[in-house]
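K.L.:
Now for the letters of each chain:
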Amino acid sequence: MTVQEMLSVIAPDGGINGYDPKMSNEELLHCYRTMMRVRAFDDVCLKLQRAGRIGFSIPNRGVEATQIGAAAAVKKTDWIFPSYRDFGMALYHGISPVDMMHNMYGNAADSAKGRQMPVHFSFTEPIHFFSISSPIGTHIIQAVGAAYAMQRRRESNVVLASFGDGGTSSTGFHSGLNFAAVWKSPVVFLCQNNQWAISCPSSQQTASESYAIKAKAYGMPGVKVDGNDLLAVRRAVSEAAERARKGGGPTLIEAYTFRMGGHSTSDDPTRYVPKELVAEWEKKDPVANFERFLKKRKLWTEKLRDEIAAESFAEIDAAAKVAEATPRPGIETIFSDVYQDVPQHIRRQGQAAFDLARRKGDASTGDGAFPL
Amino acid sequence: MPTLTLIQAVNDGLKTAMRTDPNVVVFGEDVGPKGGVFLATEGLTKEFGDGRCFDTPLSEDGIVGAAIGMAANGLRPVCEIQFQDFIFPAFDQIVSEAAKLRYRSGGQYTAPMVIRTPYGGGIRGGLYHSQSGEAYFCHTPGLKVVIPSTPHDAKGLLLAAIDDPDPVLFLEPKALYRMLKGEVPEGKYTVDLSTLRTVREGKNVTIFCYGAMVPVCEKAAQQAAEKGIECLVVDLRTLLPLDEEGVIEAAKQTGRVVVVHEAPRFCGFGGEISAIIAENAIEYMESPIARVTGFDTPFPNTLEHHYIPDDRRVLDAIEHVWSY
Chain A
1 MTVQEMLSVI
11 APDGGINGYD
21 PKMSNEELLH
31 CYRTMMRVRA
41 FDDVCLKLQR
51 AGRIGFSIPN
61 RGVEATQIGA
71 AAAVKKTDWI
81 FPSYRDFGMA
91 LYHGISPVDM
101 MHNMYGNAAD
111 SAKGRQMPVH
121 FSFTEPIHFF
131 SISSPIGTHI
141 IQAVGAAYAM
151 QRRRESNVVL
161 ASFGDGGTSS
171 TGFHSGLNFA
181 AVWKSPVVFL
191 CQNNQWAISC
201 PSSQQTASES
211 YAIKAKAYGM
221 PGVKVDGNDL
231 LAVRRAVSEA
241 AERARKGGGP
251 TLIEAYTFRM
261 GGHSTSDDPT
271 RYVPKELVAE
281 WEKKDPVANF
291 ERFLKKRKLW
301 TEKLRDEIAA
311 ESFAEIDAAA
321 KVAEATPRPG
331 IETIFSDVYQ
341 DVPQHIRRQG
351 QAAFDLARRK
361 GDASTGDGAF
371 PL
Chain X
1 MPTLTLIQAV
11 NDGLKTAMRT
21 DPNVVVFGED
31 VGPKGGVFLA
41 TEGLTKEFGD
51 GRCFDTPLSE
61 DGIVGAAIGM
71 AANGLRPVCE
81 IQFQDFIFPA
91 FDQIVSEAAK
101 LRYRSGGQYT
111 APMVIRTPYG
121 GGIRGGLYHS
131 QSGEAYFCHT
141 PGLKVVIPST
151 PHDAKGLLLA
161 AIDDPDPVLF
171 LEPKALYRML
181 KGEVPEGKYT
191 VDLSTLRTVR
201 EGKNVTIFCY
211 GAMVPVCEKA
221 AQQAAEKGIE
231 CLVVDLRTLL
241 PLDEEGVIEA
251 AKQTGRVVVV
261 HEAPRFCGFG
271 GEISAIIAEN
281 AIEYMESPIA
291 RVTGFDTPFP
301 NTLEHHYIPD
311 DRRVLDAIEH
321 VWSY
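Protein sequences appear in the order of chains A and X.
If you read the first sequence in my numbering, its first letter stands for residue 1, the second for the next number, and so on.
If you read the second sequence in my numbering, its first letter stands for residue 1, the second for the next number, and so on.
To be clear, the hints were calculated from the coordinates, so they are not data collected in a lab.
Be aware that one or more of the hints could be misleading.
Stated by the list, open to error - For lysine to any residue, the following SDA-like pairs were computed, each having C-alpha atoms within a straight-line distance of at most 25 Å:
#	chain 1	residue 1	chain 2	residue 2
1	X	Lys-15	A	Arg-153
2	A	Lys-184	X	Gly-35
3	A	Lys-184	A	Gln-151
4	A	Lys-184	X	Thr-45
5	A	Lys-275	A	Pro-371
6	A	Lys-184	X	Phe-48
7	A	Lys-22	A	Ile-308
8	X	Lys-252	A	Arg-348
9	A	Lys-75	X	Thr-110
Start from the sequences and build out the full structure, keeping to the hints where you can.
P.N.:
Here's what the structure looks like:
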């Protein structure tokens with residue numbers, strides 16, 4: 001297959017094109033259930049944001065098959081360097097919605113101790129889901145360093161580095177792919193081409209005929225895959241990961257998909273995304289696509305869908321309630337974790353903040369609203 | 001005890017770290033078989049193999065970004081940026097990534113790593129092989145900034161930096177690489193970070209300096225002594241986190257302060273030292289604080305000897321604060 005062709009597995013009638021995913025019914029349904037939980041997460045977070053309970057969220061609608069197909073191709077001992085639009089990867093691997101909701105609220109139980117905006121998850125169990133930062137593309141080269149450590153220890157683990165089409169314009173993309181190819185590092189680079197970097201379409205991002213073709217210049221295989229076809233993404237990522245485990249080096253995968261919602265809950269995509277385009281991609285819905293496949297395998301009914309949807313919503317809604325009831329982090333968390341040990345100047349500043357709070361009361365929380 | 005130059009002490013420190021900890025890896029541009037443009041990494045690839053000391057593609061952000069991933073996943077990377085002037089493509093990886101990783105992940109991920117880089121003038125390197133950029137980095141919570149001025153400290157501070165659980169920017173005064181020799185213990189020892197070194201005792205004027213300015217200040221202090229002015233010379237060694245109490249104490253001892261650095265003056269590290277003294281010990285001051293620094297211009301090539309503070313300028317400042 002050349003980088004010009006697009007890999008797909010699920011046929012329009014729900015059959016599969018000459019590829020046996022070798023997944024049990026249980027695994028297939030876990031993928032489906034995870035897609036539905038991501039949808040529930042989106043729905044609950046939109047409500048919470050509109051109600052002013054959380055400041056911000058990132059909608060995943062449209063890209064669930066890419067997230068979950070890729071997650072289903074890596075093991076718990078592998079590392080994921082995620083983008084911010086990768087809720088499905090976390091949920092697939094068993095990261096709990098309650099822990100994710102703690103981050104959405106930035107509360108005392110948040111693994112990032114309320115220091116980051118919502119959606120900037122960081123987990124080490126049950127899989128390494130690397131701490132997310134906001135600047136685009138910086139994690140791509142870091143993923144290569146983590147993979148180098150695996151190489152050095154002769155592990156057979158791999159790193160899955162996920163980013164969007166906008167991320168391919170970053171410095172980290174160039175250095176990441178270049179270093180990984182030279183070092184033959186065990187990395188799978190997953191470019192989720194959802195066609196929009198906030199409001200900028202792919203035509204503003206690159207003049208290349210695809211993102212996958214960029215692999216050729218770096219000296220690694222490039223594969224373009226239907227990002228709305230969960231099994232196609234899983235196939236591409238699995239093959240790349242297995243090659244990497246055997247010392248075959250990195251691969252760049254472009255998952256061609258579409259961001260059905262805004263960049264975030266603060267973004268209005270109707271200002272820049274043509275309506276006809278949305279309608280066209282609505283027909284390629286990744287969940288409906290996977291449902292056709294499951295139905296053909298006699299694993300899916302409308303009743304099952306409704307049950308899973310209801311269960312998922314109840315689970316995520318309950319998680320939000322737990323997070324909502326958890327208090328804010330204590331003021332001491334401003335001053336810890338800057339270094340392993342608190343240096344004298346930071347200790348003094350913390351002491352001064354405590355003293356002031358005792359003498360004059362707490363600082364006003366303000367009502368900052370995030371614009372992007 | 002062997003007598004080494006500062007660059008030999010760095011090399012000895014790297015070898016010592018690599019012999020004692022198999023997770024230490026050294027990499028950067030031309031650091032492999034060539035041994036680095038200043039020969040700091042000479043012999044490492046031969047002794048430890050090209051999996052532990054190796055060349056990278058020519059990309060500073062790539063070098064530092066990869067180091068972060070290695071550090072987060074169990075290695076102890078010691079990477080080299082060939083000249084500190086070339087570090088700015090990696091600025092984002094240093095200040096927004098390495099320095100913030102522990103904080104933003106609630107301590108789940110950390111970046112114990114060292115970035116070594118030669119800084120400062122004195123080699124006719126012009127604008128882009130001479131800069132002293134420490135102030136940019138000292139404004140970054142989560143980062144440590146260390147500058148040795150003797151062979152003994154170069155090895156001891158480097159080994160402490162490699163052991164440190166947080167990212168350390170290790171700025172090496174290239175002007176001193178081969179200028180002076182000193183006794184350096186064999187094997188492993190460390191010099192604690194965030195500690196000052198008293199270079200010379202004196203009761204009249206306190207001079208704060210670091211890196212390549214330390215021998216310049218020693219020379220000026222000697223000349224001042226011949227004129228009857230006794231200077232307390234303090235080598236800061238670690239700029240961040242700074243031993244603020246030590247600085248305040250040293251300022252109080254004389255009540256007259258000169259701060260010397262090679263970097264430009266405006267928003268330079270001397271401003272921070274001055275503010276710490278003003279906030280904590282102004283009632284002890286007998287004269288205004290004097291700063292002797294590089295000019296607020298880019299670094300010139302042919303006339304670099306006018307730009308870099310020398311003993312004339314430091315002595316002039318000592319006499320100014322003493323006679324005030």
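K.L.:
For the pair supplied as a hint, Lys-252/X and Arg-348/A, is the alpha-carbon distance within the 25 Å limit?
P.N.:
Given pair Lys-252/X, Arg-348/A holds - Cα atoms ~20 Å apart, limit 25 Å.
K.L.:
Decide if the proposed pair is consistent with the structure: Lys-22/A and Ile-308/A, CA atoms, cutoff 25 Å inclusive.
P.N.:
holds (24 Å)
K.L.:
Assess, step by step, whether the Cα of Lys-184/A is no farther than 25 Å from the Cα of Phe-48/X, and give holds or violated.
P.N.:
holds (20 Å)
K.L.:
CA of Lys-15/X to CA of Arg-153/A, is that 25 Å or under?
P.N.:
It holds: about 20 Å lies between the C-alpha atoms, which stays within 25 Å.
K.L.:
Do the alpha carbons of Lys-184/A and Thr-45/X lie within 25 Å of each other, as the hint requires?
P.N.:
holds (19 Å)
K.L.:
Given the hinted pair Lys-75/A and Thr-110/X, is their Cα-Cα distance within 25 Å?
P.N.:
holds (23 Å)
K.L.:
Going straight from one Cα to the other, do Lys-275/A and Pro-371/A come out at no more than 25 Å?
P.N.:
Roughly 23 Å between the alpha carbons, so the hint for Lys-275/A and Pro-371/A holds.
K.L.:
Verify the proposed pairing of Lys-184/A with Gly-35/X, using a straight-line Cα cut of 25 Å.
P.N.:
holds (23 Å)
K.L.:
Within 25 Å, alpha carbon to alpha carbon, are Lys-184/A and Gln-151/A?
P.N.:
The given pair, whose Cα atoms are some 9 Å apart, holds under the 25 Å limit.
Taken one by one, the earlier hints all hold for this structure without exception.
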